[in-house]
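Colleague: Each chain, written out:
2 protein chains.
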Amino acid sequence: MQLIPCIIAGGAGTRLWPVSREAMPKPFMRLPDGESLLQKTFNRASQLDGVESVLTVTNRDVYFRTVDDYRLLNKRQRSLEFLLEPFGRNTAPAIAAAALHVQARYGDDAQLLILPADQLITDVAAFETAVQSARKLADQGWLVTFGLVPSRAETGFGYIEKGQALSSEAYQVARFVEKPDAVTAQNYVEGGLHLWNAGMFCMRVDVLLAELESHAPALLAAVRQCLAQCTSKEGRNELQIELDSTSFALAPDISIDYALMERSQKVAVVPCEMGWSDIGSWQAIRELSAADENGNRCNGEVVLHDVTNCYIDSKKRLVGAVGLDNLIIIDTPDALLIADANRSQEVKVIAQELKRQGHPAYLLHNTVTRPWGTYTVLEEGKRFKIKRIVVKPQASLSLQMHHHRSEHWIVVSGMARVTNGEDEFMLDTNESTFIKPGHTHRLVNPGVIDLVMIEVQSGEYLGEDDIVRFTDVYGRVPEAAKI
Amino acid sequence: MQLIPCIIAGGAGTRLWPVSREAMPKPFMRLPDGESLLQKTFNRASQLDGVESVLTVTNRDVYFRTVDDYRLLNKRQRSLEFLLEPFGRNTAPAIAAAALHVQARYGDDAQLLILPADQLITDVAAFETAVQSARKLADQGWLVTFGLVPSRAETGFGYIEKGQALSSEAYQVARFVEKPDAVTAQNYVEGGLHLWNAGMFCMRVDVLLAELESHAPALLAAVRQCLAQCTSKEGRNELQIELDSTSFALAPDISIDYALMERSQKVAVVPCEMGWSDIGSWQAIRELSAADENGNRCNGEVVLHDVTNCYIDSKKRLVGAVGLDNLIIIDTPDALLIADANRSQEVKVIAQELKRQGHPAYLLHNTVTRPWGTYTVLEEGKRFKIKRIVVKPQASLSLQMHHHRSEHWIVVSGMARVTNGEDEFMLDTNESTFIKPGHTHRLVNPGVIDLVMIEVQSGEYLGEDDIVRFTDVYGRVPEAAKI
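Chains as they are written, first to last, in full-length UniProt numbering: chain B, 1 to 483; chain H, 1 to 483.
The reader is advised that the hints may include incorrect statements.
A pair holds if it fits inside one copy or across any two, identical chains being indistinguishable in the list.
Said to hold, decoys possible - Here are the simulated lysine to any residue pairs, SDA-like style, with alpha carbons at most 25 Å apart: (1) Lys233 x Pro150; (2) Lys162 x Arg263; (3) Lys316 x Asp340; (4) Lys382 x Ser413; (5) Lys382 x Asp33; (6) Lys316 x Ser277; (7) Lys382 x Pro393; (8) Lys382 x Leu209; (9) Lys382 x Glu35; (10) Lys75 x Ser168; (11) Lys179 x Glu262; (12) Lys355 x Gly300; (13) Lys315 x Val390; (14) Lys382 x Glu128; (15) Lys382 x Glu234; (16) Lys315 x Arg388; (17) Lys179 x Pro217; (18) Lys40 x Glu128; (19) Lys162 x Val183; (20) Lys316 x Gly381; (21) Lys266 x Ala249; (22) Lys392 x Gly381; (23) Lys233 x Ala110; (24) Lys315 x Ala249; (25) Lys75 x Met29; (26) Lys162 x Val368.
Bear in mind the hints are in silico, worked out from the structure with no lab data behind them.
Fair warning: this is a prediction, and the values are worked out from it, not measured in the lab.
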């Protein structure tokens, strides 16, 4: 039988602000080794025995970024399948949609392996062994969970209580328990009966769908409707299915644990230890790299004087520090975080406050990803805004027009084909052009390397909403008008 | 008799890194109220009774910045006189030069009031009263020092010991004492005989020169030579005298205390309390503003969660902080300082280490001041560099040429007159032009408001040394080639 890994991506990761933001969620965060959690999850999934396709359920706003992350790694040429949600609806609708899709494409006996995209597993061999155990049980009709042997009395996770042994490596699940208090968590660690619930599952799709039919029929019906009304596109090795937003809105916002796992009698657990971390705070990221002799871990240029046990991440700016201990210092182009390392969980309070204020530093980074590449606001001032625009090979920006601003484009690397009013011409490296207000314009990278361009906007009004968009190869409607 | 205040500017202020740097010394630092220490000193000096001219001894590299700072404030139209040193040589040569200049220009009985530019005095009325007392003594032939009543057992200052009383408000000086240890300093505070030596003096120039002749004849001779060989320029209300570097190098590098005050028998002291601070650390700057209910003082946008007694200065970027107490956080475009507030004196260790490394963050800010205005490097990357250039009204950049780079100029405010190869033309707001490699070019601001321009350089080589300079209205030679 076929094994289809299904990566579930989502979640803002407010405890990892200012690097993780609503428009740059935790799965995309680069770890100190340069890979994102999403890429690591994809690697883990795609190199499992017998895997030919990797399915991903994610939000359509991050589709292009997700594909970009995968393509960089997809050396084994796995087929990439996507179910794109119009908005987040928790895990139950996502997993139900995955099950229906896999059943239709791969048959009743295909196995689904659910993998959250925002977790780190350092012992990949142990992960593969656990998946082998889970597949055997799944084939016998169990909904299999992965239970992590707790390494500390964690109060931030749910737990799975082991029941009757099914084999030397698996147990029936006695019950799921919510996040415990500190005393209970300590008892769990010492008792040996309780395991962390990592949100990873393995099951046959026919079993999963039958159980959903019993325990969550309305949810299943809504998701079935949603897939029936989807829009799909297929290319070589890539399939993209957009879930219909009207019917998806009818699916309840509920987790798979609550909708199904806590209700079903067919749930088993495979205990495992595989160097797992949910990377739930800066403290967890700090532990990924080795400390120097003073207990410090630094990325970037630092000058330290009597500084101990600090984590400093500053890619672009020099950091000088005097007389500090046990702080987390995270520097990004538009925002700086300084926190007591013991309280790194509370960073979410900052993110929540920014969200409440409607502050852009909650939502976006200075660098914004678009289907065609990225742009970075380098500087904004009275009457001007400067962006660095990177356009991927063969990509293009929509034909557009601005009423109030001039745009000056200077190519610093690569080549551009520019439409400016009635003219169309090539712009080579070191050349520039000037778009007057009211002129329609379009930009294409006809080459095979990235086009890097500096755009200087000048004028009385420089809001992103001063745009009239005429055509867009990425299917974005004029209302979603962004550069 | 005429009173000539003489402002002595100098000193890098390494304990105030990253705001104070070698090329942006402490006197130019903006305090929270927006004024620099230099400006505050100028105000204090220029509003004294009977003052018509203010003399300044400073380094020629900071002349234009100093004049800019003064002109903004000089509503009383004081005459501005400058003695420009080719390099720093401590206070004795500077004060000797001031005395010789004032004697030649205002006569033997003119009084010199020496004011260091890097001190803050909050009680200006008390300062003026002290100056009145000092003038009386000076007229009687005393070299008058100002002795600050110590408010704490400070080990970082020198002390003046009071001798015989000369009046109800003045004493002969018994002796000068070097920086004491903590126990001695505590005894000084309790004993009531010792005062802080603030480096402020008042004396008749004939008395000062006679005493220098007795106690430091070689120094006086060298400085006399140096003034004899100076270059001077005089405009309406402004006099600029450049000291000759060859003869200035012969003057010993020595303080006026050591060269003269500790040796002369004619030294008096006026005790005073006038809200004086040497602004010697971030701790001192923190104390200038009022704390909120949590003891925090913040400039800029911050989101704080359980943060107490912190000083946060971040003009451009959002700062999020969690669980901090008693830290100094200073954010600048290219460097960030985080320090335990109790150890803010040790910030100099960071500055010294950067100096040892030859790091640009020791020397310069991203924004560099030039005679014609400023430029700020906004972004540097492979094959491009972006600057914001601000040209003062009527100012111009030298006629120049680059071999390896193109320059794209976009006017975002004001108007420019551009020479580009054979062409000369006006560039209005929102317009741009393009300077090819090898083309001579010049930029003038013909208007009455600042010209603000974005310059995008592109090319294989973007070093500041790729410049051939043909003419320069500010008298800079081609070897000193900077934009």
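Colleague: Can you tell me if lysine 382 and serine 413 fall within 25 Å by alpha carbon in one copy, between copies, both or neither?
Modeller: Cα proximity of lysine 382 and serine 413: across copies only (9 Å, versus 28 Å in one copy).
Colleague: Between lysine 75 and methionine 29, at a C-alpha cutoff of 25 Å, which is it: within one copy, between copies, both, or neither?
Modeller: Close inside one copy (21 Å), not across copies (56 Å); limit 25 Å.
Colleague: For lysine 179 vs glutamate 262, is the C-alpha pair at or below 25 Å within one copy, between two copies, both, or neither?
Modeller: within (14 Å within a copy, 74 Å between copies)
Colleague: Measure nothing new, just compare the shortest in-copy and cross-copy C-alpha distances for lysine 162 and valine 183 to 25 Å and report within, between, both or neither.
Modeller: within (19 Å within a copy, 69 Å between copies)
Colleague: From the Cα coordinates, with 25 Å as the cut-off, is the pair lysine 233 and proline 150 best called within, between, both, or neither?
Modeller: Classified as neither; 43 Å inside a copy, 80 Å across copies.
Colleague: As a check of your reading, is lysine 315 near valine 390 (CA-CA no more than 25 Å) within one copy, between copies, both or neither?
Modeller: within (19 Å within a copy, 28 Å between copies)
Colleague: With identical chains treated as interchangeable, where does the CA-CA distance between lysine 40 and glutamate 128 reach 25 Å or less: within a copy, between copies, both, or neither?
Modeller: within (14 Å within a copy, 71 Å between copies)
Colleague: Up to 25 Å between alpha-carbons, please classify lysine 382 paired with aspartate 33: within, between, both or neither.
Modeller: between (39 Å within a copy, 23 Å between copies)
Colleague: Given a CA cutoff of 25 Å, do lysine 233 and alanine 110 count as a within-copy pair, a between-copy pair, both, or neither?
Modeller: within (23 Å within a copy, 91 Å between copies)
Colleague: Give the relationship of lysine 382 and glutamate 35 under a CA distance limit of 25 Å: within one copy only, between copies only, both, or neither.
Modeller: between (38 Å within a copy, 23 Å between copies)
Colleague: Is it within, between, both or neither when you check lysine 316 against aspartate 340 at 25 Å Cα-Cα?
Modeller: both (22 Å within a copy, 23 Å between copies)
Colleague: How would you label the pair lysine 315, arginine 388 (within, between, both, or neither) given a Cα cut-off of 25 Å?
Modeller: both (18 Å within a copy, 23 Å between copies)
In summary, the numbered hints that this structure violates are 1, 6, 8, 10, 14, 15, 17, 21, 24, 26.
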